[in-house]
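Q: The lines below spell out each chain.
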Amino acid sequence: MMRPIVEMKNVTKEFYGVAALREVSFDLAPGEVHALLGENGAGKSTLTKIMAGVYEVTAGQLVIDGEPQSFKTPAEALQKGIAMVFQETSLVPSLTVAQNLYLGNEKFLNRLRGIYISAQQFLQSLNFGVDPTMFVSQLGAAQKQMVEIARAVHHKAKVIIFDEPTATLTPEEKHHFFALIRRLKKDGVSIIFISHALEEALAISDRITVLRDGQHVITDLARNFDRDKIINAMVGRALSGELYGKDAQKRIPRPYGQKILSVQNLSMGRMVRNTSFSVYSGQITGIFGLIGSGRTETAKIISGVVKRDFFHGGEVKLEGRSVRYRVPRKAVQDGIVYVTEDRKIEGFFETKSIAENIYLNLLSADLNKSGVIVSYSEMVELAKEWTGKLNVKAINSDARVVELSGGNQQKVVIARALVQKPKLIIFDEPTRGVDVGAIAELHQVINSLADAGLAVVVISSYLPEVMNLADRVLVSRQGRVVEEFAMEEATEEKIMYAAVH
Amino acid sequence: MTIAMGGWLERFLGRGTASVTVPPLDGALKPNSLLEEAQPGITVAAPDNLALLDGAPVWSSGAQLLRLDGDKPSPLATLQSDVTALACSDAGLIAVACENHGISILDRGGKPANIALRDAGKYSCVTALTFANNDTLLVCIGSTDNPLSAWQRDLLEQHRAGQLLRIDLKTGEVRQLANKLAFPNGVLADKDGSLIVSEGWATRLIRLGPDGRMSAQLIEDLPGYPARLARAVRGGYWLTVFAPRSPLIEFVLREPKYRRAMMAEVAPENWIAPALQSGLSFHEPMQGGALKQMGILKPWAPTRSYGLVVEVNENFVPIRSLHSRAGGRRHGITSAVESGGRLWLTSKGGDEVVTINL
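Residue numbers (our numbering), protein chains in the order written: chain P, 125 to 625; chain X, 188 to 545.
One chain only, chain P, in its complex shape (with noise of 0.2 Å):
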């Protein structure tokens, strides 16, 4: 074997004397594309973040194209070719796209012109459908990973790592991706691969390493490994019976309850275009789509965030009576909760508290117990019940939010929508960037919401999962509601086929 150009030996590294990785041995070979899984919180992303000059490790040695190393900065460890695409975008939002790719390398004399040209170049022959002058303020998620990728890419690094690539793609998107990987992969660039779709991890990698509670699990070739073997690794258990069964096509679907929110000729710009469609209490309604069928903008107008059209927008009807909400605080206190996307931005106070995150969203449906005066024991009280009933792993109780992992943020982010006792709750990509082990704890609060009664709407752009949650599937399209489907008709062919024609 060929000398690894990036090799860790036995590497610890403690936040506050909690050791978030232990003893890890990895290497990377040249040219060669690794996968690192593992469930949220397992220690991926510090492992990689320490090979990127994010963190320095407590113990054990970085070792780059043979000489010990010991990055104090990112821009030290670009220098010596290693990149990182974060999983939170790293992008300056008020810049340019080409702006960004080159900001750090720009002349005495920057003329806009040029680096528009040469980025729109660059952004082609990546396929990156991405216009350069907009400004990434502007653009959409799926849209910033790209141009994330384009400028890790653009710095001709010998080593990228890729944290959670695909997440916010579309297929379309990813198969591009895959071949830019490829590509970059002939060129003789070192990958490393971070991902929850385990499918992804298989077809594309050479070599795929487990990791699990920060430890090292296992090391193979990927070709010797498959999703059982994996899970089994990751979580320690089989899951597969859990999650994305077999027997899921078989499950007996809830029956229909009240007709909870009718919507009616809803439109939205060109985002929203005359949709119509009814949920009903006691049952999940999963709405299927590409990204950019206006899923979630629909969501967003029904629980106030953004709004319609102010000439004949159409009528949003919840049991009845006709609604219109200029801000989100009047559709939670008439119970409709709205669980975001992108939880990094819209969905937490990431500087904040676990016990704080939940209590102000307590505070805003004016649930709290003592009307104006805000209680401290109160706070920790309800963080303790619901830490607890969704199984959020932190560090310790004062962990400030942006220091979990994706699964346990996203608990919290649900958590919050809980304490306003719902009626009809919108769960918008639920299971994004989260890890199989929590996956199959979400999908079991969903489940039991609607066992308890409530409306759910769960969006995903995950087949498999719709398939698992829903007990009706509705699919969009271009901005409207084309096709709804029991669960008895639903195959994913024709999910895809409504979805796409």
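Certain hints may be false.
[To be verified] Cross-link-like lysine-lysine pairs, in silico, DSBU-like; alpha carbons within 30 Å at most:
#1 X:Lys367 - P:Lys441
#2 P:Lys618 - X:Lys485
#3 X:Lys217 - P:Lys618
[Unchecked claim] Between beta-carbon pairs, the in silico distance windows are:
#4 P:Val624 - X:Glu456: 51 to 57 Å
#5 P:Asp433 - X:Gly475: 19 to 25 Å
#6 X:Phe438 - P:Ser249: 48 to 54 Å
#7 P:Asp433 - X:Gln474: 52 to 58 Å
#8 P:Pro379 - X:Asp258: 52 to 58 Å
#9 X:Gln345 - P:Ser261: 31 to 37 Å
Hint data in this document are derived by calculation from the structure and do not stem from the laboratory.
All residues carry an ideal CB built from backbone N, CA and C; glycine is no exception.
Based on the hints, put chain X in the right spot on chain P.
A: Frame of chain P, contents of chain X only:
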């Protein structure tokens, strides 16, 4: 907010009462073709009201009452004019309402029974009859302003002139339980003595107390105009929907000037209004979506007539529905009864009595 805004502002913004929206057919009301594809039924001209006489179906067709003799219809009685509503009691009495001739009571064999109603001849536009018990008859008067044949005019002029009457057959006492109803089109006495009424133009089901005071709105904002009701074996009810709502009709209903001009100048069968049957003449109003392309009428095409019967459970939550969609024949379902594991339906628009094995 909506009320404070005032009607003119709503009209300007296209919101609230001025929004031309129709609830979608989804969930339990998801379109299927169970009604359209059911086995061929009995062809009779404009069958209207079905009832069970001693467990066997009896229905009206024009001025005739028909019953099943083997599997062929045989006449039970012939009335003076078109029968608009029909009900049978457990004791074998048949109450029949005829346009211009009021309500009469027949016995099991179709002969006039020994019961004479006071002012029997004055009732017109009787849309539904039902026996609350053997001595009490409930009468839905669709509109005191228009005869039943002018029901489209009644909708387009937005009358609320319906009445619900209770007639005591022993004493002949008539009591008005409710008035100013928006075309009551079906009535059922519930076990607890309350009354379930379908209000056609309000597209809803309401519950009235025994004294006629409204106590609840059971189903609101139906996607069509409801007709008669029947009890289902599973504990709920069958609700027939005789015509669909559509955005075009909703729009026309918000334009009084246009409606007046249309009613004055256009033949009634070509009005933009719901109908019991459609697609018979090229003079009929049509929307672009209903244009046949390559000989195919899209099943989602906008249509003036539709066939729909809905089963609701005891809490009035729809649990299943049978449809005859755009371009189908079995439209204008006006009544349904369930008997012996089969559902009997009258398709007034399709001239057929249909049976479906449940």
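Q: Against this structure, judge whether each hint is valid.
A: Results for each hint:
no.: 1; hint: X:Lys367 - P:Lys441; verdict: holds (26 Å)
no.: 2; hint: P:Lys618 - X:Lys485; verdict: holds (19 Å)
no.: 3; hint: X:Lys217 - P:Lys618; verdict: holds (17 Å)
no.: 4; hint: P:Val624 - X:Glu456: 51 to 57 Å; verdict: violated (43 Å)
no.: 5; hint: P:Asp433 - X:Gly475: 19 to 25 Å; verdict: holds (22 Å)
no.: 6; hint: X:Phe438 - P:Ser249: 48 to 54 Å; verdict: holds (52 Å)
no.: 7; hint: P:Asp433 - X:Gln474: 52 to 58 Å; verdict: violated (22 Å)
no.: 8; hint: P:Pro379 - X:Asp258: 52 to 58 Å; verdict: violated (36 Å)
no.: 9; hint: X:Gln345 - P:Ser261: 31 to 37 Å; verdict: violated (50 Å)
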